[in-house]
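In order, the protein sequences belong to chains A and B. So that you can map any letter, position 243 of the first sequence is 1247 in this note's numbering, and since no number is skipped, the others follow by simple counting. So that you can map any letter, position 36 of the second sequence is 16 in this note's numbering, and since no number is skipped, the others follow by simple counting.
Hints were generated in silico from the structure; no laboratory data involved. Treat the hints with care, since some could be wrong.
Claimed, not checked - One-sided and incomplete, this derived list gives chain B residues near chain A with beta-carbon spacing under 7 Å:
1) T15
2) A16
3) G298
4) A301
5) M304
As the list claims (entries may be wrong) - When the alpha-carbon atoms are kept at most 27 Å apart in a straight line, the in silico DSS-like pairs for lysine-lysine are as follows:
6) B/K166 x B/K148
7) B/K57 x B/K146
8) A/K1161 x A/K1149
9) B/K148 x B/K286
10) B/K166 x A/K1166
11) A/K1121 x B/K286
12) B/K88 x A/K1121
13) B/K86 x B/K57
14) A/K1208 x A/K1121
15) A/K1115 x B/K286
16) B/K(-11) x B/K88
17) B/K30 x B/K88
To be verified - Away from chain B, derived, C-beta distances all over 12 Å, residues of chain A:
18) M1028
19) D1077
20) D1101
21) Q1114
22) H1134
23) E1142
24) K1161
25) A1207
26) H1227
All residues carry an ideal CB built from backbone N, CA and C; glycine is no exception.
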Amino acid sequence: MSYAMDMQNYTTQSETATSEPKIMARDVNVFYGPSQALKSIQLDIGANEVTSLIGPSGCGKSTFLRCLNRMNDVIENCTVEGRISLDGVDLYNSGLDPVLLRARVGMVFQKPNPFPKSIFDNIAYGPRLHGTVSNKDELDERVEKSLRRAGLWDEVKDRLDKPGTGLSGGQQQRLCIARAIAINPEVILMDEPCSALDPIATAKIEELIDELRERFTIVIVTHSMQQAARVSQKTAFFHLGELVEVGETDRLFTSPQDDRTQGYITGRFG
Amino acid sequence: MTDNTPHLKVNPALLKRRNAAEKRFRFYGLAAVMTAVLVLCLLLTSIISKGYTAFQQTYILVDIRLDAETIDPKGTKRVEDLAAASYRGLLRSALREQFPGVEGRKAKRALYGIVASGAEFDVRDAVLNNPKLVGTTATIAVKSSDDVDSFYKGYIPRDVPESNRKVKDRELVWLDTLSADDRIVKQFNVDFFTHGDSREPEEAGILGAVIGSLYTLAITLALCFPIGVLTAIYLEEFAPTNKWTDLIEVNINNLAAVPSIVFGLLGLAIFLNFMGLPRSAPIVGGMVLALMTLPTIIIASRAALKAVPPSIREAALGIGASRMQTVFHHVLPLAMPGILTGTILGMAQALGETAPLLMIGMVAFIADIPGSMSDAATVLPVQIYLWADSPERGFVEKTSAAIMILLAFLVVMNAIAVILRKRFERRW
């Protein structure tokens, strides 16, 4: 009951902010072979805000995140049912090319995974691939802009030809964020982007997420409730493949409607 | 609820046993390594000590009167005429002049026998190199026969009874005379590297087999590298896991263990008898060896692809690369060192392979150096097999020398593998 109420609440709120949610998920069921990973998920993700997905390990939050840019396609035996739409276009049943979708919905992974190439080539790969720059000057400009936005430019501008893998963990993760925003996606998905980083690097990334919100819609999976509270406007709590509760982050953390949410955020399980 | 388990106490006997076992294991390991090194040293010593003499050849300096009348009766001085002339008579008369006392057909034949049957070509080559020699008396080094060569290399001892000795007493006298006159010289055996096979040990060279091996390996590489790598990429990156791909995988693993002679029989049946390709040709040899090497390359390539961390694939896919772009831009370059190492090891195996080539006729005696992929040829290991099987004393050192050449090729190939691995290796 509380869930339905919250949904209503959410919808009214987002209607005031933007006319329509950026991403809509309706009755999403995901199966890995015979086992069901997500059960009938309904979730709206508003444009230009940060939505965090929290929940204990194995609750399906990463699975849901990967449905949003069809990264699950690569996993064998993974079937996605239901309807997920981006700007009203069905991701799965409208003949949308997953490769193009992933250019619109970028992703940052749990472990920093720069390509074993130079810092420059790491950023330039996406624009080159999608042909979004026409000459070398534009490419240089794009690389610089992306690195600046990711707050990495000053640290790496003198060593753009050095391998990206030689950076520190936090720098690598910001490099991956820069790589993701270099192709100007509409949405950025982040799968526990700070779990492999120290607190200082984490703080930098969180700051960055807050800045990126102006231009991008961000969905972040996190294990840290503090992080969810710090960076996100909306929080969705997943448990055992179900979406238990979703709402304004402040509201969800201060007055959770569901016992399970209450239990999780107070540390009784998870 | 109390736990009464006592805290860990060190059991001295157990500790001692554990340390002893540790030490013992290290000793076994060291002993195994030492044994391997010792055997390797023994092998190399044996091959090199037997084979190094093959890189030298004994020559006899003979004063030959290069009679212009005989060589170039028309006085044209053209290279063709000089090459076409017969130098045998000149060489023989020079030998007779050197040893005027030799009378009788048999004795003369023995005298002519101290130089190689092809020695007249040494005279010809000297003349062709310097046509001005015609009409003069020149001292020319001609190749000695294989028996004389063996004698000077110490393989034919003086002190055995004459009946058991390939170099008879009469010949010993001539040779001693020549030695005393400083007419016996040893030179680097260029012919060993520039000649094809021959029935005469002193004329036999390795070049035919080397060229044959190169052609064969080129065919093998051209066939099995692209096929093997693409198969590995498809199976590893694209194919769904189902019973068909399982079946293919099991079969590839089994094929890697099939005795090579079976591939030879397959090649005989299909490439020669059914497709009618030329017998003894490197093209067929290469195809047979490609069949044999394919499983090795596929398995090595798959292992190399599997070792590329999935995070790289995710990174590329997440940025909007297609699966093929992901593989060719990111995964394959990272897997390349492993793939190249596997390929070169497979090539090295193919280079040393004999059995399947026997089945397709590459064991024939071929004196000519193959000029193309479809000419009859032999390869290094088969050449070794052929020479090891020859009765002449002179082939013993040739066999070892050929083994040295083969080993040198293998070392070079492995070195290339190491260099490529170092060069392409990228850390992530």
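Right, here's what the structure says about each hint:
Restraint check, B/T15 versus chain A: the minimum CB separation of about 40 Å is more than 7 Å; hint violated. Because the beta carbon of B/A16 sits about 36 Å from the nearest beta carbon in chain A, more than 7 Å, this interface hint is broken. Because the closest C-beta pair between B/G298 and chain A is about 4 Å apart, less than 7 Å, the hint holds. Restraint check, B/A301 versus chain A: the minimum CB separation of about 6 Å is within 7 Å; hint holds.
The interface hint given for B/M304 is broken, as the beta carbon of that residue sits about 10 Å from the closest beta carbon of chain A, more than 7 Å. Of the pairs offered as hints, the one joining B/K166 and B/K148 holds, with about 21 Å between alpha carbons and a cut-off of 27 Å not exceeded. With a C-alpha separation of about 41 Å, the suggested pair B/K57 and B/K146 falls outside the 27 Å cut-off, and the hint is violated. A threshold of 27 Å between alpha carbons decides the hint, and for A/K1161 with A/K1149 the separation of about 11 Å falls inside it, so the pair holds.
Restraint check: the Cα-Cα separation between B/K148 and B/K286 comes to about 68 Å, which exceeds 27 Å; the hinted pair is violated. The suggested pairing of B/K166 with A/K1166 is violated, with an alpha-carbon distance near 58 Å, which exceeds 27 Å. A C-alpha spacing of about 20 Å is found between A/K1121 and B/K286, which places the hinted pair at or below 27 Å, so the restraint holds. Taken as a hint, the B/K88 and A/K1121 pair is broken in the structure, with Cα atoms around 77 Å apart against an allowance of 27 Å.
Under the criterion of a C-alpha separation no larger than 27 Å, the hint pairing B/K86 with B/K57 is inconsistent with the structure, at around 36 Å. A hinted pair counts as satisfied when its Cα atoms are at most 27 Å apart, and A/K1208 with A/K1121 qualifies at roughly 24 Å. For the given pair, A/K1115 sits about 19 Å from B/K286 by alpha-carbon distance, which is consistent with the 27 Å threshold. Using a Cα cut-off of 27 Å, the hinted pair B/K(-11) and B/K88 is violated, with the two alpha carbons roughly 96 Å apart.
Taking the CA atoms of B/K30 and B/K88, the gap is near 33 Å; set against the 27 Å cutoff, the hint is violated. The claim that A/M1028 lies off the interface holds: its Cβ sits roughly 22 Å from the closest Cβ of chain B, which is beyond the 12 Å cut-off. At the 12 Å boundary, the C-beta of A/D1077 falls inside the reach of chain B, the nearest C-beta of that chain being 9 Å off. The Cβ of A/D1101 sits about 9 Å from the closest Cβ of chain B, inside the 12 Å cut-off, so the non-interface label is violated.
Look at A/Q1114: its CB is around 9 Å from the nearest CB on chain B, not clear of 12 Å, so calling it non-interface is violated. For A/H1134, the non-interface assignment is contradicted: its Cβ lies about 6 Å from the closest Cβ of chain B, within the 12 Å cut-off. Every C-beta of chain B lies more than 12 Å from that of A/E1142, the closest at about 18 Å, which supports listing it as non-interface. With a least beta-carbon separation of about 22 Å from chain B, A/K1161 lies farther than 12 Å from that chain, consistent with its non-interface assignment.
Residue placement check: A/A1207 keeps its beta carbon more than 12 Å from all beta carbons of chain B (closest about 24 Å). Residue placement check: A/H1227 keeps its beta carbon more than 12 Å from all beta carbons of chain B (closest about 18 Å).
The structure fails to meet hints 1, 2, 5, 7, 9, 10, 12, 13, 16, 17, 19, 20, 21 and 22 from the earlier list, while all remaining hints are met.
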